[in-house]
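Residue numbers (the numbering used here), protein chains in the order written: chain X, 58 to 329; chain B, 301 to 580.
Check the hints yourself; a few may be wrong.
Listed next, the in silico DSS-like pairs over lysine-lysine satisfying Cα-Cα at most 25 Å (straight line) [claimed, not checked]:
#, chain 1, residue 1, chain 2, residue 2
1, X, 326, B, 313
2, X, 104, B, 409
3, B, 412, B, 389
4, B, 316, X, 326
5, B, 412, X, 77
6, B, 313, X, 103
7, X, 104, B, 429
8, X, 77, B, 554
Non-contacting residues of chain B with respect to chain X, defined by C-beta distances greater than 12 Å in every case (computed) [to be verified]:
#, residue
9, 306
10, 426
11, 520
Derived by calculation from the structure, the hints in this document are not laboratory data.
Nothing here was measured: the structure is a model prediction, and the numbers come from that model.
Glycine included, every Cβ here is placed at the ideal spot set by N, Cα and C.
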Amino acid sequence: MNEQLTAAGIPAEEITTESKSTFSRWLDGIRTAIWEKWVDFRHEWKKITASALVSPLLYMVALGWGLGSMVNTGGRPYIDFLVPGIIALATMNTAFSSVSVSLNVQRLFERSFDQIIISPVPMASYIFGQMIGGALRGMYAGVLIFLISLLFGTSIHVNVLFFVVMFLNGLVFASLGVLASVIASSHLDISRFSTFVITPMTFLCNTMFPVDRMPAAVAVIINCLPLTHTSRMLRAIAYTESINVLSIIYLIVLAAVFIALTNVIISRKSNL
Amino acid sequence: MIQIKDVTKKYPKARKYALENVSLDINTGEAFGILGPNGAGKTTLMSIITTLVLPTAGSVTVDGEKLSRQRIDIKKKISFVTQHISIRKDMTVAEVMELSGRLYGLPGKMIKKRSMQLLEFTGIADKAKSTARGLSGGQQRKLMIARALLSDPEILVLDEPTVGLDPHARRKIWDMLIGLKLKGLTLLLTTHYIEEAESVCDRVAFISGGRVSDIDTPANMISDMGSFAIDVFEGERTKSYFFKSAEEAEGFIKTSGKPVKVRDSTLEDVFLKKMGTELG
Ligand SMILES: Nc1ncnc2c1ncn2[C@@H]1O[C@H](COP(=O)(O)OP(=O)(O)OP(=O)(O)O)[C@@H](O)[C@H]1O
Ligand SMILES: [Mg+2]
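In isolation and in its complexed conformation, chain X is listed as follows (with noise of 0.2 Å):
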């Protein structure tokens, strides 16, 4: 096998790829969609950075010192209300960003997807690594928000959960955001996506204000939504409350099934 690059007038090397297990092959999957991730990263750091403030920044100034006084938020500051909320929401518009956007543009437009479906690594493991780069680039929005809002004058508590709890929800997100893009069939479907997914949810799960008030039958739509369980979870670790186990659980199980409905339709599709 080495002398035929040498033939050529390649020089040739000799490649022992042969027993690689199948555990092996998991690892070189989810280690490569994350080096892409964090080349992308490398690439774009600036605009990937000011992209994930402007939104978050907006929401605190215009909501922490505008509309802020007005809200009721059982004593405590409006902002230490708030920046939880906006927390949960960087992360989930960041991880689900990086991916879908990025995977379509692969997919459709570049077609560079194709020697992903053509290469020797298990899908899944791609995908599921392509997840947990979206989930850590959802936690570095998080982080950052975190970080100017001290600027802000909060004074939330943070702990080792409330990183947790910020990667699940990006993982959650990133997974949805392999879904829609593997789904998708052109660039306007992710917008759409967006649309009626994303934006849905940045308003009504508990990010901006307490939604206990809200008519019984919307609030169970409401708690199903994974956002909400995120920002319950940052507030209440926020405010040094307990949290519910069941949230966290919540978000795998989603996780889980988003990355299992990805596989599924990605096996079946007889051309992507």
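Knowing the structure of chain X, use the given hints to seat chain B with the ligands on it.
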């Protein structure tokens, strides 16, 4: 050996079949060319062999093992240079190579070393640090070829690999393909440069309207048609006549009485003749 058995493909929402009952055996170490007009189904066939597209019916086996998207042990032996440019344009050339190396599970050091050698070979080493978007169309194609060779494949599938390349680069790629073939790689390729297929391919198949019509060596195809070609300028256009023996050809020249040009038949003649009769 790659065995393509009764492969049929109908794209969703398409009315016509892109491929209909295609069966082909491609031997290990063989250079196999697939020739046919636009829309014949060449890309579809290659995409099925590389699992990019799944067939509606039929199967592909490689060395007796049935190919599927899940068979990573088979997939790792195959590389595909697609007809369309399929690279991440916002990555640098070196990163495009690294991405592929990682997907094929090569160790980092080897990726770096081989990438440099392959970029050197394809003549784009000086572009290693620029983004793929900054490459010309031909340079992007060279990058795809370099990338396909990175994993040292046993089966190399090339869908019009030299389209858009300058004559020098094209020749170099075809020489490289001959070199790869001599050392035992299985090559499967399409091209509209029939003379190149003639020089590289051990066997070629004609495909048109999703069906394979002929499979043979270029030499057999030419001698079956007649290896003596005579071009006659008749009125508006040049018409070619083919003869199996010199005597027949001479007889024709005597009776025609028009200015003629005598030459050897080429695979392109076979191609044009077959496609001409199929177009009616
Ligand atoms: N994604 C698709 N969806 C629907 N129809 C398709 C798709 N891809 C190809 N086709 C159809 O299938 C047929 C074969 O296409 P294919 O791309 O395989 O042709 P080809 O031989 O590679 O042509 P060319 O020489 O132009 O590259 C064509 O009629 C084409 O319109
Ligand atoms: Mg084609």
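Hint by hint, here is what the structure shows:
1. X:326 <-> B:313: Since the Cα atoms of residue 326 (chain X) and residue 313 (chain B) sit roughly 14 Å apart, the hinted pair holds (cutoff 25 Å).
2. X:104 <-> B:409: violated, 31 Å
3. B:412 <-> B:389: holds, 19 Å
4. B:316 <-> X:326: Roughly 19 Å separates the two Cα atoms, so the pair holds.
5. B:412 <-> X:77: Measuring from Cα to Cα gives roughly 20 Å; hence the hint holds.
6. B:313 <-> X:103: Outside the cut-off at roughly 43 Å; violated.
7. X:104 <-> B:429: Since the Cα atoms of residue 104 (chain X) and residue 429 (chain B) sit roughly 21 Å apart, the hinted pair holds (cutoff 25 Å).
8. X:77 <-> B:554: Outside the cut-off at roughly 69 Å; violated.
9. 306: holds, 16 Å
10. 426: Given a closest Cβ separation of 17 Å, the condition holds.
11. 520: holds, 27 Å
Of the numbered hints listed earlier, those contradicted by the structure are 2, 6 and 8.
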